[in-house]
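Enquirer: Protein sequence lines, in the order shown, are assigned to chains A and B. Under our numbering, the first residue of the first sequence is numbered 1, with each subsequent residue one higher. Under our numbering, the first residue of the second sequence is numbered 1, with each subsequent residue one higher.
Please note that a few of the clues may not be correct.
[Claimed, not checked] Partner residues aside, some chain B positions facing chain A, computed with beta carbon under 8 Å:
1) Leu11
2) Gly34
3) Gly35
4) Trp36
5) Arg37
6) Glu38
If you are wondering where the hints come from, they were derived from the structure by calculation, not from laboratory data. Note that the Cβ used here is the ideal one computed from N, Cα and C, for glycine as well.
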Amino acid sequence: MTIALVVGVGAVGTRAARQLIDTPGIDRLLLADRDDTQLTEVADALGPDAGAIDFAPGDPIPSDVDVVATALPGGVDHTVVSAAIAAGVPVASSDDEHDAIEQLRALSPNAKSAEVTIAVGCGLAPGLADVLASHAATMFEKVDEIRVARTGWGGPACVDTVRHERRALVHTWHDGSWREEHPHGDNLVWFPEPIGGRDCRTVTGSTALLVDAFGAVPRLSLQVGEPPKRARFRRQFGDEGEWGAARVDVWGRRDGTLDCVVYGVVERTAVAAGTVLAVTAARLGGALEPSLHRPGVHGLASLVTPVPFLAELAQRGVRAAAFEGVAVA
Amino acid sequence: MKAFRRLLVVLGVAGLIGAIAKLRGKGGVPPTSGGWRELEGPDFR
């Protein structure tokens, strides 16, 4: 019997909860959120196998929980992950903010000694995009550059994170070492239709997770699109959330020539992020095969085998696409 | 008054140049050939 706990039932957490309750290997789903009204509504909508519990970051993990999925504002899930490591319970976190990811990565020695697997950056990008990069990298003898770009936001907390990241100093991975730069301004990045061209800016964000997975690659970068203005933002978010997209360009050498593989995905951002979070949590909890067990704190590119993971996402409606033609940035 | 008009003209021209630069972006060219193909079974083997 597998029991999962979802902490935070906002835009991403609600979708993750729906995906987990629809996973046959999950027998019981516990939900926690600081907003009691939202929590009760979501628990009621998910049926009898889901139930709301009184749990807040900082509390010990309930004894019968097998896996935790967190979908909380940046930095809040650090205490939840610490408690989970102490309880020996694996965690999937959707946090995508640089400082928060660094705090979680700092817990890696604790997680290793406790034999607990912590998956961080479980969303659209970081998350699905990292797995696509991993899939594309297998096609090359040597990879020269990986560029990840994302536009779209799961909810208000995610918009705040993106605004902060776009203003902050940028740390890029260039020629195998970190380089500090001021924000460069925007570049036009072409995502699959109907998203098309969007202005994106290089940020630090989750670049460290790419470095963990592809440290031998000379150039790694992450770009994020410009979030909507606050007034427009409220109008854009309906019940289904906003459409988002990710694009992954992998440049490398195969058969003696320089080549590029471009993958993209278009989906409602919260749906994609929630599905990635749920599939990762289900695998960590042993409710989906192949189960994940690699003690420490890892991004998805370091943790999952791309093919079965992408196939599972495709089965749940989150499908990636490959660009065929002349690739341009 | 003359200086004020000049200031308005300078601000207007600067705004126009800024708007054009913003609209054009930089570094990106739309893909002119090819398209997106959904990943399917063979891609997952």
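Enquirer: State for each hint whether it applies.
Expert: A quick look at each hint next to the structure:
1. Leu11: The hint is violated - Leu11/B has no Cβ within 8 Å of chain A, the shortest such distance being about 21 Å.
2. Gly34: Since chain A brings a Cβ to about 1 Å from Gly34/B, closer than 8 Å, the hint holds.
3. Gly35: Given a least distance of 6 Å, the restraint on Gly35/B holds.
4. Trp36: holds, 4 Å
5. Arg37: Since chain A brings a Cβ to about 5 Å from Arg37/B, closer than 8 Å, the hint holds.
6. Glu38: For Glu38/B, the interface hint holds, since the closest Cβ of chain A sits about 5 Å away, which is under 8 Å.
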